[in-house]
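Participant: Chains as they are written, first to last, in the numbering used here: chain R, 1 to 292; chain L, 293 to 630; chain D, 631 to 867.
Just so you know, not all the hints are guaranteed correct.
Here are a few chain R residues that sit away from chain D, every Cβ distance over 10 Å (derived from the structure) [what the hints assert, rightly or not]: (1) 2; (2) 7; (3) 34; (4) 57; (5) 58; (6) 60; (7) 61; (8) 64; (9) 98; (10) 141; (11) 168; (12) 172; (13) 181; (14) 251; (15) 254.
Using C-beta positions, here's what the derived DEER-type ranges look like [what the hints assert, rightly or not]: (16) L:480 - R:279: 54 to 64 Å; (17) L:335 - R:279: 49 to 59 Å; (18) L:516 - D:660: 57 to 67 Å; (19) R:112 - L:461: 50 to 60 Å; (20) R:56 - L:335: 46 to 56 Å; (21) L:327 - D:825: 51 to 61 Å; (22) R:9 - D:752: 31 to 41 Å; (23) D:685 - L:317: 29 to 39 Å.
Rather than coming from a laboratory, the hints here were simulated on the basis of the structure.
Even glycine gets a Cβ: it sits at the ideal position worked out from N, Cα and C.
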Amino acid sequence: MELFTNQVLAGIATGAIYACMALAVVMIYQAIDHLNFAQGEMAMFSTFMSWQMMQWGVPYWGAFILTLALSFIGGIAIERLLFKPLAKAPVLTNVAGFIALYAIVNSVAGLIWDFTIKQYPTPFGSSPFLGSQLISTHQAGMIGITLLMLVLLFVFFRFTRVGLAMRAAASLPESARLVGINTSWMIALGWGMAAAIGSVAGMMIAPVVFLEPNMMLGVLIYGFAAAVLGGLTSPFGAVMGGFLVGIFENLVGTYIPGVGNELKLPIALALIITVLVVKPAGLFGRPIVKRV
Amino acid sequence: MSAVEEVVTEAPAVEAVPKRAMTLGVGTSLVVLAALVLAPLFVKNFIIFQMTMLLIYGLAVLALNILTGGSGQFSLGQSAFYAVGAYTSAILMEHVGMNYALTLPIAGIICFGFGFLFGQPALRLSGVYLALATFALATAMPQLLKLGYFEHWTGGVQGLVVTKPDAPFGLPMSQDMWLYYFTLAITIGIYIASVNLLRSRSGRAFMAIRDNEIAASAMGVDVALYKTLAFGVSAGITGVAGGLGAIAVQFVAPDGYTITLAISLFLGMVVGGVGWLPGSIVGSAFIIFVPNIAEGISKGLSGAVFGVLLFLVIFLVPHGARQVAIVAQQMLGKLKKN
Amino acid sequence: MTAMLNVRDLRAYYGQVQALHGLSFALNEGSLTTLLGANGAGKTTTLRAICNMVRSTGAIEFEGKPLSGRSTENVVRLGIAHVPQGRGTFTTMTVEENLQLGAITRTDKKNIVSDIERMYAHFPVLKERHTQQAGTLSGGEQQMLAVARALMLRPRLMLLDEPSFGLAPLIVRDLFKILGKINREDKVTILVVEQNAQLALELADQAYVIETGRIVMSGDAKDIATNEDVRKSYLGY
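Same shape as in the complex, but just chain R (with noise of 0.2 Å):
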């Protein structure tokens, strides 16, 4: 038992990377209605930035700041230069964009920082967390970091009229210009933040994973299957399907025996799937309605 518990709780620090991750992932979901598969790559390339700044002798906090009001503005940058051209092309050659998006972010971040591993460091400090030995105080200040980008966010969407505004251009576009709401820079908007969320999570991950050009790679999968199981209209689901993806991954590691670590992927994924399969719009997301 004990054993379980403390699985659950690894699970549980894992986890606070994905729910990060998926975080980004329904934001801009819910602007472009599909997955940004260069999410990732964003995500890394603003860590990058944020330990160049560092290096040049720019303090934590600030470097954080900053790193978030660039990766939001760049955000805004790549979707009217790259995305905003396409908007009227089929969904598929978006996806391509993506894709191409991936590669050019990847090669460029390894021309520039080349692809050794770099510590980065954290506020939060490394030292157990309440003399727990299996989570640390950064992993526990990335969790309170990410449920507060989460309560920022509700209260965002919720309380505020531009987040109004955003859900509307998102939910029925032609409906939402209709009252007057530019969806054109509400999907720019959702990108700008969809980067900030995600130069978060770099920053929070970045610690664990090490920083190098492909540090992203396995997260971001993780983060898309957190934010699909958690449903990918509910930031909250999101949050909790990273927890319980963590969760998942760590258990299966260790009651299933023969899996390694290249096989915790596929079975979470399948895990996962099952999940989906009996319920398709993810564990916390709205529930369906069949429409002709």
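Please build the complex by placing chains L and D on the supplied structure of chain R, with the hints as guidance.
Facilitator: Frame of chain R, contents of chains L and D only:
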């Protein structure tokens, strides 16, 4: 983000491509065929090998096109079917000693069954959910192939070496050239069969499902059957391509069939034009040659160059090669009038 | 009196298909005008063309300003509210959020609150359900919500696309009464597209009849109502 979108009734992600628009006219087909038949006579063996791979990936893209362009289902798991086909051929040739040509239909049938079975749970999923499920399949496959239990057959991480067949009946041609014509014959056969499939009753059922699933079921189309069938057919063709691929590269190993391959095939479909079968070969050319070109332009930034080239293509022709074909056709039409 | 909305030689296209073939008409400020026609005559297209939601040529002027080249949202910002066919309800949001969305372009926050109260006075049923998801409302209630949402813009001109569609006759009567009241009391110019010609002609003061993308008749609603052809084709007696 209305909840409505989360079920299969979401607006079709795949444009409705009318049946006739999915193929080429007879005249154009003959020209392309002549080019494919004659070209190897004038080039080096390495280029013939590349042309063989062009046809093989073309088949795999075609298979995805039937699934996505035909029935509107999305798959990031084609690499898994390709791997199963490749390993089936390789194991039958090397362990059983079967003739390479005979292994291909077996690879096709096994993959058909595999795809059909996989299509069952996939029935409940659509859009991003189906993408995730197929993605899981693609990531699981290389790991499964590495498993110790199967190592005797699969060769584990090392993989298997496959013998390249000689030309039969003492025909005076190189192994590469023979394999090319062999592949070409199979490709043409499968292409014609696919065109006929999409024109048949089943093809109409696929397209009805793609355009509006609920309306299709209201018309009496057995949606579940045809959706799984589409998965089966697509997997079967991919399996044959995988088998051919194993023979052509003379080697199978788990890391040859990762998610990267599935993503390449997806890009091939988009570049060729979703739902336009002849575009498959154009898409295949893109995924074979453009990475090389990118590498040639800049080694360090090859990924970025590839991304930029891909962006250029989708900016210029968001509907892929199909769009080029349509424009060309209109221009020809105008010329004829004058 | 100068025209508030002036449409000249309007042609609209869906891909290669031309849906409007040179439509011209004008709306006077404060008027309530109806656009009649059979299915597929181009009524909806006309409204969509005014809001630039369909590719069109020709000149449309609103209070002297040309509308061509403006995006839909910019047309709306001039004070043109469009109640689309099918109502365009934001089904996953609450009734109150739908109303707030109607006023999303306005900057006078204080008045928005009082306007919402005004809408509840017009449509008491919306007040009862203001925290409910809009998707759970009945068709009639959703239509009222759509009209209320449009009014939240404080529009100068309101375009309504078949507000009676799918509603019970009694509800339609209520709705039309309210439209008349809005037109008189709030001085909102209204253009309503209708298949229910009888009701529309009772309500309106001006009428246009449209057939296969062309205006075939125009004039006082009363005159149109007594016209032999119109009676036979649209009123059915």
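Participant: Hint by hint, say whether it matches the structure.
Facilitator: So, going through the hints one by one against the coordinates:
no. : hint                      : in the structure
1   : 2                         : holds, 44 Å
2   : 7                         : holds, 38 Å
3   : 34                        : holds, 19 Å
4   : 57                        : holds, 44 Å
5   : 58                        : holds, 38 Å
6   : 60                        : holds, 39 Å
7   : 61                        : holds, 34 Å
8   : 64                        : holds, 33 Å
9   : 98                        : holds, 26 Å
10  : 141                       : holds, 34 Å
11  : 168                       : violated, 5 Å
12  : 172                       : violated, 6 Å
13  : 181                       : violated, 6 Å
14  : 251                       : holds, 34 Å
15  : 254                       : holds, 40 Å
16  : L:480 - R:279: 54 to 64 Å : violated, 45 Å
17  : L:335 - R:279: 49 to 59 Å : holds, 55 Å
18  : L:516 - D:660: 57 to 67 Å : holds, 59 Å
19  : R:112 - L:461: 50 to 60 Å : holds, 58 Å
20  : R:56 - L:335: 46 to 56 Å  : holds, 54 Å
21  : L:327 - D:825: 51 to 61 Å : holds, 58 Å
22  : R:9 - D:752: 31 to 41 Å   : violated, 57 Å
23  : D:685 - L:317: 29 to 39 Å : holds, 30 Å
The structure is inconsistent with the numbered hints 11, 12, 13, 16, 22, although it conforms to all the rest.
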